[in-house]
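What follows is the residue order along each chain.
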Amino acid sequence: MPSARKLRHVTSINDLTNAEIEKVFDLAERYLKALPDANFAYRIGGSSDEGKGRILASLFYEPSTRTRLSFESAMLRLGGQFITSADPATSSVAKGESLADTVRVVSNYSDVIVLRHPRDGAARLAAEYASVPVINGGDGSHEHPTQTLCDVFTLRKENKHLKNLNVVISGDLKGSRTIHSFVYALARFGANIMLMPAKGMGLPHHVDARLQEEFNCRPVPKDKYEDSSIDALYVTPDKPHQLSLIPSVGFDQTEDVKIRKKIDAFYVTRFQKERWAEARGDYPKIDAKFLKASKYAETSVLHPLPRVGELDIALDTDSRALYFRQAAYGVPIRMALIALLTDIREKEHLARFDGGFDAADHPTYDQPTDIGIRCANPNCIVHDPMERQYTRNRFSLIRSPATQKHRLRCTYCEGDIDEFAAVNTRKRRLVESNDDLSEAIAHDLGGLLLFADAAEAGRAGYADKPPRKRSA
Amino acid sequence: MPSARKLRHVTSINDLTNAEIEKVFDLAERYLKALPDANFAYRIGGSSDEGKGRILASLFYEPSTRTRLSFESAMLRLGGQFITSADPATSSVAKGESLADTVRVVSNYSDVIVLRHPRDGAARLAAEYASVPVINGGDGSHEHPTQTLCDVFTLRKENKHLKNLNVVISGDLKGSRTIHSFVYALARFGANIMLMPAKGMGLPHHVDARLQEEFNCRPVPKDKYEDSSIDALYVTPDKPHQLSLIPSVGFDQTEDVKIRKKIDAFYVTRFQKERWAEARGDYPKIDAKFLKASKYAETSVLHPLPRVGELDIALDTDSRALYFRQAAYGVPIRMALIALLTDIREKEHLARFDGGFDAADHPTYDQPTDIGIRCANPNCIVHDPMERQYTRNRFSLIRSPATQKHRLRCTYCEGDIDEFAAVNTRKRRLVESNDDLSEAIAHDLGGLLLFADAAEAGRAGYADKPPRKRSA
Amino acid sequence: MPSARKLRHVTSINDLTNAEIEKVFDLAERYLKALPDANFAYRIGGSSDEGKGRILASLFYEPSTRTRLSFESAMLRLGGQFITSADPATSSVAKGESLADTVRVVSNYSDVIVLRHPRDGAARLAAEYASVPVINGGDGSHEHPTQTLCDVFTLRKENKHLKNLNVVISGDLKGSRTIHSFVYALARFGANIMLMPAKGMGLPHHVDARLQEEFNCRPVPKDKYEDSSIDALYVTPDKPHQLSLIPSVGFDQTEDVKIRKKIDAFYVTRFQKERWAEARGDYPKIDAKFLKASKYAETSVLHPLPRVGELDIALDTDSRALYFRQAAYGVPIRMALIALLTDIREKEHLARFDGGFDAADHPTYDQPTDIGIRCANPNCIVHDPMERQYTRNRFSLIRSPATQKHRLRCTYCEGDIDEFAAVNTRKRRLVESNDDLSEAIAHDLGGLLLFADAAEAGRAGYADKPPRKRSA
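Protein chains in written order, with the numbering used here: chain L, 410 to 881; chain U, 410 to 881; chain A, 410 to 881.
If you are wondering where the hints come from, they were derived from the structure by calculation, not from laboratory data. A hint or two may mislead.
Each pair may be met inside one copy or between any two copies, as identical chains are not told apart.
List of simulated lysine-lysine pairs, BS3-like, C-alpha gap at most 25 angstroms [said to hold, decoys possible]:
(1) K504 x K682
(2) K569 x K432
(3) K415 x K442
(4) K461 x K442
(5) K583 x K504
(6) K682 x K701
(7) K701 x K504
(8) K442 x K682
(9) K608 x K682
(10) K608 x K504
(11) K572 x K432
(12) K704 x K608
(13) K704 x K671
(14) K566 x K442
(15) K415 x K432
(16) K504 x K694
(17) K667 x K572
(18) K608 x K670
Could you build the full structure based on these sequences and the hints that come with them?
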């Protein structure tokens with residue numbers, strides 16, 4: 410007699426704990442090995458019929474070949490079926506239907522939904538309205554967690570371990586959702602993250618901040634690793650909790666860091682032309698010449714594909730090139746994730762775990778939508794004219810362990826707002842210090858109103874000074 | 410040893426008798442209850458494998474999410490499969506192929522076809538050429554019978570009965586094919602139809618005429634129901650055949666009508682922007698405030714979806730809101746219809762019934778295509794440049810019981826032509842009276858030629874006066 | 410214990426031997442007869458479940474209804490499944506992904522790929538990179554071999570034999586890939602090929618040359634067949650090998666040719682508007698009047714469909730019209746081909762045959778890509794900006810038995826280059842005679858460099874005269 414299962418979604422790689430990710434990998438390994446028929450020898454991964462009668466819905470609002478087809482192939486190999494809406498122009502979008510309404514309806518036609526959408530945070534919105542599990546197949550520049558599962562699975566298979574693995578990441582680290590999910594996972598499994606961004610395309614500030622504050626990454630000073638080609642390097646110490654006790658975030662100068670010279674993996678990404686207005690002339694191109702350095706002699710080369718010039722095709726026959734194998738792993742990985750999110754693997758269902766990454770439990774605040782601050786990311790789903798009315802104006806309040814300053818994180822796109830003004834509506838005054846804000850949060854979050862700045866608060870009728878001096 | 414089955418199509422809700430509609434509902438109820446697996450508890454409706462080996466073809470020439478995906482999901486849950494052509498730009502349409510040729514070919518690839526098309530009457534054309542059952546998934550502004558099956562099924566489930574149910578219908582009653590199928594069904598099951606159209610968007614004249622003349626609806630005078638928000642109200646008396654004996658159609662003043670104040674259902678529709686050149690600024694918006702009146706206290710709120718602003722999302726959590734449940738019923742309803750139209754439910758196959766709605770058996774007339782009158786509806790499939798050559802110029806001749814005048818109804822789009830001229834080609838003269846036309850129809854329909862008016866007949870060589878007085 | 414199977418592709422009808430084509434037909438016949446259920450009586454062809462667990466990938470870069478849906482229906486009737494990418498705008502093509510990368514990735518998601526592409530030779534490129542069988546579903550103006558399998562299957566079913574069958578082919582013989590595959594097959598099975606091209610739309614030169622030189626077709630002089638409506642007529646003598654001994658190719662005047670007047674089949678094709686910049690006003694229209702001549706009294710009328718005006722719809726009810734039946738045969742034919750190319754029919758797998766058409770084994774030459782000649786066909790896949798880097802610059806060197814001159818045939822599009830200049834790079838001189846070229850080919854193909862003409866060779870540093878007189 411099954412109990413009511415908790416509905417689980419994968420909108421971010423951080424919706425899965427490390428143990429759950431390992432569980433996905435273990436099941437993927439079993440699918441890889443389960444070849445029901447020797448004639449399938451050319452295939453990477455076997456088939457099953459445990460998913461008979463289950464239906465995957467592919468809702469793709471942005472172009473895709475690999476992600477959509479690999480999900481659909483995965484569902485078929487599980488013995489299930491799929492329905493597809495892959496072209497906004499021939500769907501109800503053309504009539505003006507919102508994502509929120511669509512997922513509520515499609516939840517009745519399917520057992521699991523995979524969504525791709527051009528807006529950051531769209532997967533979170535879908536998850537709020539769906540009555541079946543939602544898997545994020547890429548939402549704007551936010552995240553692409555199933556690509557990361559393939560990537561990390563490939564790294565682990567090739568290297569047997571992830572801890573202290575030297576992983577270089579090259580290209581458009583700003584616009585690539587794939588990279589954002591990837592660096593969180595690398596940090597969580599203790600790999601060393603070596604960034605080699607294209608000019609002006611480093612990690613977004615909020616991703617960088619999370620790496621340091623939530624995932625216990627420590628930037629290593631340039632003089633400690635002596636590789637001028639690497640822009641930034643993060644390591645994750647074994648005892649992460651010590652770090653948060655240190656007031657000034659940053660590399661602990663007293664610790665002796667030993668970074669091996671050898672690079673274990675080199676991850677290349679394309680320029681995300683659909684996210685940026687202008688093309689880049691100086692985008693790095695990785696080829697055999699570049700990889701001639703001795704540190705790259707045994708480096709696994711990965712790429713989420715498609716590539717559009719940044720990875721030389723002459724490398725395809727190089728034994729270091731793993732990207733086609735990485736793509737092939739997409740099927741067993743997605744088979745495993747689908748099986749564990751639905752009732753296909755009822756006994757191993759992810760909802761039986763604690764659920765979600767054991768992240769810091771930040772206080773969240775539902776701001777009214779008709780007054781005050783809104784998410785600062787113009788591509789966030791909350792700013793989509795069609796979806797806006799279905800979204801909440803919700804933020805996590807994060808306190809930086811380094812500066813002790815608070816910032817806001819949008820519940821949907823997870824973008825940060827560093828500067829804002831808070832009003833204590835009961836006292837009708839601005840909250841002036843970080844500690845005052847902490848206290849307000851601790852006591853009564855409902856009494857707060859957040860504004861872009863003190864001036865906006867003033868225009869809304871909240872004077873930028875407390876009404877009476879003594880009440881301060 | 411199965412006999413040759415009669416091929417049955419559902420191009421209009423009136424292709425099904427009331428008994429057949431009940432049969433679809435009964436089977437849908439069985440699918441709703443047949444949950445093969447308790448883990449599917451979140452699902453509305455179960456799966457089956459009785460459709461194994463059967464293939465549904467989705468031919469969608471207009472955007473759709475709900476209708477297409479629910480048909481495809483229904484076929485999968487029956488254990489069948491589907492093939493899809495959902496984008497005219499990537500199909501043979503781009504090469505200039507006609508619908509008639511396409512359905513003949515696709516009949517060989519599938520066991521049942523569901524068609525959506527922007528032209529009124531396209532489903533009827535497809536049915537003429539297909540060798541498998543055709544289900545109308547919406548054709549222009551004509552009909553959308555499977556939506557109506559979902560709607561009426563929802564009403565019956567919620568209210569246990571349909572007879573004398575008070576149903577308000579609000580919005581674009583002119584362009585919405587959904588509404589046209591819906592009012593026919595409401596009339597046939599004896600519900601009271603209360604119209605609340607957007608300004609200038611009442612029922613098309615021919616739909617209104619059919620309600621009164623064929624479905625025995627009687628408009629109730631305004632002073633009989635005292636609700637100024639209702640534009641028009643139709644009731645269906647229990648003894649419909651008495652009505653046709655009354656020369657002047659209309660409400661029988663001698664009968665005492667008791668319309669309850671309580672509204673049982675409120676059906677909202679969107680503005681059909683794809684059918685109209687101009688937007689409407691004054692389209693009604695239904696929200697909690699509107700539904701505050703006591704007559705709406707227990708009203709079921711329905712909507713075929715998608716909605717684009719005419720139905721406030723704040724209602725979604727209101728217990729009266731049934732529209733998502735209504736959408737969910739689309740799967741078991743379509744499972745039942747597919748099963749009963751194909752050999753999946755051979756013993757209950759619809760062809761074993763009498764077949765078709767027991768409508769008045771109007772005489773039909775195949776006019777030559779190179780002379781005389783053509784359908785007056787510019788969006789009718791007969792006017793599509795690519796399809797024209799595949800269509801016939803065919804009309805039913807309807808005699809109004811009220812005025813005794815004849816009018817023509819196009820076989821495809823079912824639009825009416827009220828004024829026309831008939832020539833008796835044997836006598837080479839205009840048919841001058843309704844009774845003369847009736848006699849000509851009764852004796853020899855083939856001797857007739859129909860023109861837009863006497864002048865057109867004259868230009869075609871038929872004098873507007875009989876050639877010799879004595880022959881009259 | 411299955412051995413490693415040889416991977417077989419069908420990019421051209423000539424990838425299959427006559428025996429293999431017969432094998433496909435035999436299996437298609439079995440599928441036609443295998444009706445698992447009498448209720449399927451309306452269906453042409455039965456179902457099976459021998460393909461359970463196998464996945465077909467449809468990659469369509471050009472519009473299609475018939476080919477794609479019939480492949481997908483065929484896979485379903487085999488008990489298999491499919492995944493589809495049918496709209497370049499919603500696939501990775503929109504991000505700039507190459508076909509070569511796509512097929513490598515999709516090979517991991519599927520067991521067989523069917524490809525349609527606007528570029529000539531695209532199927533050959535895909536076959537070079539895929540790790541599963543590739544079936545050409547039409548590539549530019551090159552070939553459409555599965556259509557030809559349906560066509561020839563239909564002819565054989567109707568006429569019991571193919572040898573000496575009189576087959577007229579009418580319309581756009583230049584741009585229609587269907588026709589190119591078809592004439593090769595007709596020649597190989599010994600039918601008489603009667604060409605009735607639209608004005609200026611005869612067979613491409615290279616197709617005509619292959620018919621005569623490789624497929625032993627002999628053009629029949631006009632005075633031998635006395636039918637002015639036929640533009641050209643080819644017969645295939647029973648003893649083909651004698652022909653190659655005759656120095657002057659052409660019709661053997663000493664042989665008495667008896668061409669029956671009766672036409673066995675009339676094959677109509679549409680104007681390929683997507684391949685030509687200008688419309689044609691004088692395209693032939695085939696109708697009942699045209700087919701009134703006594704020689705057409707028992708002619709089978711075929712058309713690959715879609716039609717766009719060149720075949721009168723009034724013929725549809727004519728007993729000679731076979732085109733809808735021809736389309737219906739597409740399903741069992743494609744079922745058979747899929748089954749024989751994959752492991753679905755392991756014991757009958759095509760790889761167990763000799764493999765490929767037993768064509769003349771022309772020497773092939775891999776030219777560098779940065780110097781010298783390139784394929785002269787502007788629509789060849791080698792000129793696609795995205796694919797170029799993945800292609801080789803490879804040609805077969807064909808020596809005409811008639812003129813003894815060499816010409817080049819592109820490995821991808823099979824288009825010919827008649828005039829070119831060859832440089833012997835060791836001797837640093839132009840190869841001046843056909844015999845010299847033959848000798849160079851026989852001894853050391855690698856020492857050759859091919860140029861468009863002597864001038865280009867000169868510009869590349871190869872003087873148009875040998876550097877030293879004595880070395881000649």
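Results for each hint:
1. K504 x K682: between (28 angstroms within a copy, 8 angstroms between copies)
2. K569 x K432: within (16 angstroms within a copy, 49 angstroms between copies)
3. K415 x K442: Answer is between: at 23 angstroms across copies they meet the 25 angstroms cutoff, but 30 angstroms inside does not.
4. K461 x K442: both (20 angstroms within a copy, 19 angstroms between copies)
5. K583 x K504: between (33 angstroms within a copy, 17 angstroms between copies)
6. K682 x K701: Neither, since 29 angstroms and 51 angstroms both go past 25 angstroms.
7. K701 x K504: Neither. Shortest intra-copy (54 angstroms) and inter-copy (29 angstroms) distances fail the 25 angstroms Cα cut-off.
8. K442 x K682: Neither way: K442 and K682 sit 38 angstroms apart in one copy and 50 angstroms across, limit 25 angstroms.
9. K608 x K682: For K608 and K682, only the intra-copy Cα distance (15 angstroms) is at most 25 angstroms; the inter-copy one is 46 angstroms.
10. K608 x K504: This pair counts as between: shortest inter-copy Cα distance 21 angstroms, intra-copy 41 angstroms.
11. K572 x K432: within (18 angstroms within a copy, 56 angstroms between copies)
12. K704 x K608: within (23 angstroms within a copy, 66 angstroms between copies)
13. K704 x K671: Answer is within: at 4 angstroms inside a copy they meet the 25 angstroms cutoff, but 77 angstroms across does not.
14. K566 x K442: within (13 angstroms within a copy, 46 angstroms between copies)
15. K415 x K432: within (18 angstroms within a copy, 37 angstroms between copies)
16. K504 x K694: between (42 angstroms within a copy, 17 angstroms between copies)
17. K667 x K572: within (14 angstroms within a copy, 79 angstroms between copies)
18. K608 x K670: For K608 and K670, the Cα distance is within 25 angstroms only inside one copy (24 angstroms; across copies 71 angstroms).
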